[in-house]
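Chains as they are written, first to last, in the numbering used here: chain A, 1 to 189; chain B, 1 to 370; chain C, 1 to 240.
What the hints contain is simulated information worked out from the structure, not anything from laboratory work. Check the hints yourself; a few may be wrong.
Stated by the list, open to error - Listed next, the in silico DMTMM-like pairs over lysine to aspartate or glutamate satisfying Cα-Cα at most 20 Å (straight line): (1) A/K80 with A/D102; (2) C/K157 with A/D64; (3) C/K123 with A/E170; (4) B/K236 with A/E170; (5) A/K179 with B/E57; (6) C/K157 with B/D324; (7) B/K236 with A/D137; (8) A/K179 with B/D321; (9) C/K157 with B/E57; (10) B/K236 with A/E63; (11) A/K179 with B/E53; (12) C/K157 with B/E53.
Fair warning: this is a prediction, and the values are worked out from it, not measured in the lab.
The residues making up each chain are set out below.
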Amino acid sequence: MTEQDPKAAAEAPKEAAAPAEKPARHGPPIVIAEEVLNERGEQTAAQLASTLGTLVLDSAGREDNPWVRVDAKELHAAAKKCRDGEIGMDMLNLMLAVDWVDRIQMIYVLYSTTNNRKVILKADLPAESPAIDSLTDLWEAATWYERETHDLFGVDFPGNSDMSPLLLYEGFEGHPGLKSYPLNDYEEW
Amino acid sequence: MTTESQFETVDMMLNMGPQHPATHGVFRMVLKVDGEKVIDVIPHIGYLHRGTERLAEVETYGQVITLFDRVDYIANLNNELAFVRAGEQIMEVEAPERAQYIRVILAELNRVASHLLFIGTYAIDLGAMTPVMYGFRERERIQNLFEHVTGARMMHNYMRIGGVKADVPDDFVPWVRQLIGEVRKGVEECDKLLSTNEVFLGRTRGVGVIDGPTAISCGLTGPSLRGSGVAYDVRKDDPYEIYPYLNYKVPVGENGDCWDRYYLRMLECYESLSMIEQCLDQFPEGPIMAAGRRIARPPAGEVFSHSENPRGDLGVYLVSDGTDKPYRVKIRPPSFCNLVGLATMTRGSYIADAVAILGSLDIVLGEVDR
Amino acid sequence: MAVEGNNDSQSSPRFVPQKWDREKGGHFFHTDEGGDVSLGKGNHPAPNRIPSAVPGVITGKLDDLIAMGRSNSLWTLTFGLACCAIEMISTHMAHHDFDRFGIVTWPSPRQADVMIIAGTVVKKMADPIRLLYEQMPDPKWVIAMGTCATSGGPYYKSYSVVMGVDHIIPVDIYVPGCPPRPEALMDAFMKLQSKIKSDAKNGQIDDLSGEQRIAPVAVADAAPVIDAVPAEVPAEETAG
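Only chain A is shown next, with the shape it has when bound in the complex (with noise of 0.2 Å):
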């Protein structure tokens, strides 16, 4: 992509996400990490399981931060039982995507101030017009990152009512957290 050429920079981003083969790694082969709870959250996880019941299609965890995925649909329901259950996940630390190409992931990392434990859900949803229901009923919190994760990802929260731009502004295309999502190079502003 070239100062002389703006065409061609306008259509790299159409180019980017069409799905092309990936070049052979060169480097150090790559280490996967183990997995391993330690005591407190082997008490958190079991706490968790038993909340969720057969919600849970996968879990595990690192530390003290145990990890459920559960299904994109079944998510709202898993979040209501985590926070009124006895677990007592009060709020909603955090939420991210995490763009793995072929799908978005979800994170929600849960807290209880009370019993001091967090838990984190996760659940995938599909690279082509993801959408999952929106906790704003459940935290107050997600209001905001649910418009971020908007503006970033184009992930749809149904059930949220406003999704206007919070960091982007009105007529900003494309979501720049998305992996195919080009880089500048130089730009006239």
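Since the structure of chain A is already known, use the hints to place chains B and C on it.
Chains B and C in isolation, oriented as in the chain A frame:
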């Protein structure tokens, strides 16, 4: 005859910012007012959205530390510490004891510096010009020490995954001891000047009240949450570094109003200074960098680590794909979450109090927008 | 008595100032030859005779005088964008004390002379910055503080950052550093003061009020309007 009910009245929208001296940066809020009363607040952010999280994906772990310096530009070292701890967790290394002590001393000093800036600017928001001069005088002393140790006044790039860049100079301990004495005097001066001032109390007592459950639901953390009576401090609840070996109290408020949030920060300054003194008493000798590879290339996986920033719970969610660059870095910005509670606090108060409430949250726009 | 030789002004004898002789009386402007010497023609302006005639008096153009006043009371717009704003505040506070340069902050653009762009300029903030610049009265100056305002700095690659504030408004002084130390900002102001004075001396003052100084901005809405102007003018002429 026309009666009052026959008039069509509309609520007035009042714009504040993004260039407003009392918004602590480029924050914009639209107040919906009925006379002097604020009915609703619509905050607009993103005027400093620099794409830090996206940029971090194309930079190596060492380079990301420089970006974290600039996320919360008032408490730079606390932010470095947050990222470095996440990096250490994913690399499965632990910093040597001396490095941890150095980090904690510097982070607590930075917390004091940040709170001093808050006290000064908050007084300005309420119309008092003097405390900011006092606050910055003490802050300047702290910055001089930082310059001596790290080489920079603000953007230090001092901490590393597995330790710190360089050992502290020889005169570090006596310098810090002298500094603590001076700063403590300065904080006391501000305290005397401001905390029980009749006008100051009138502007802050009972203003911007938020109760504990609402604050938790909004995701408030740090002094903003503790002001509402919820004792949540990452240093106590999820201890990291050498905090378990230190003896300190976490002040907690009662009413959840602006004065509580302000005074907690004042008390935290004293606590932080006493923590630094304890660190200096225990200050060990030894290496400052963990043995191992100099290039960070962690195994593929993901970690969530958080630490206590002057503004609250600063979390870092780090996803690695096994290369030397992070796959995804997500910052949990405490200011961003604290701002969610702004509308709840401000509804029903006067226009003049909107500034007092916003100031009491102590936001940093670099962190809100990232 | 005319000077012998040609009357070419280039080679005419230069005025030689002499001490005022009290005994000779009130001839302020006299030469050795006592004749009419053609002065002030040619490439050089007429030399200033008053200082030589009346010792201890300084004279100058009114522009110089105004520039002296302007440069010693620069009011900056209270306007912080990002990290550099903290160092900017530090500069104004007790330790560095910017007031001694006559530099005070003012929260309204209507009375401000200088705008310090202290921090990263992102695309969402570009229009407000331009609006603020246009609200300031002439003459006005802009200081780009730090690498972000100069070129985008560490955020050069970012999708949302303007690569230097000079893409939006004209800049007079660039200050390097991330963030610049307070001393660097002071140095920038001293440079600005000497720039104001030298601009007045060299007759550059008119440029400050011209609209040419404002660089065109590629805002999506504004771009078609700029393009449409030359196309419309001939159309009106033919219609009229």
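Do the hints match the structure? See the list:
{"no.": "1", "hint": "A/K80 with A/D102", "verdict": "violated, 28 Å"}
{"no.": "2", "hint": "C/K157 with A/D64", "verdict": "violated, 36 Å"}
{"no.": "3", "hint": "C/K123 with A/E170", "verdict": "holds, 11 Å"}
{"no.": "4", "hint": "B/K236 with A/E170", "verdict": "violated, 42 Å"}
{"no.": "5", "hint": "A/K179 with B/E57", "verdict": "holds, 9 Å"}
{"no.": "6", "hint": "C/K157 with B/D324", "verdict": "holds, 19 Å"}
{"no.": "7", "hint": "B/K236 with A/D137", "verdict": "violated, 30 Å"}
{"no.": "8", "hint": "A/K179 with B/D321", "verdict": "holds, 13 Å"}
{"no.": "9", "hint": "C/K157 with B/E57", "verdict": "holds, 12 Å"}
{"no.": "10", "hint": "B/K236 with A/E63", "verdict": "holds, 17 Å"}
{"no.": "11", "hint": "A/K179 with B/E53", "verdict": "holds, 12 Å"}
{"no.": "12", "hint": "C/K157 with B/E53", "verdict": "holds, 12 Å"}
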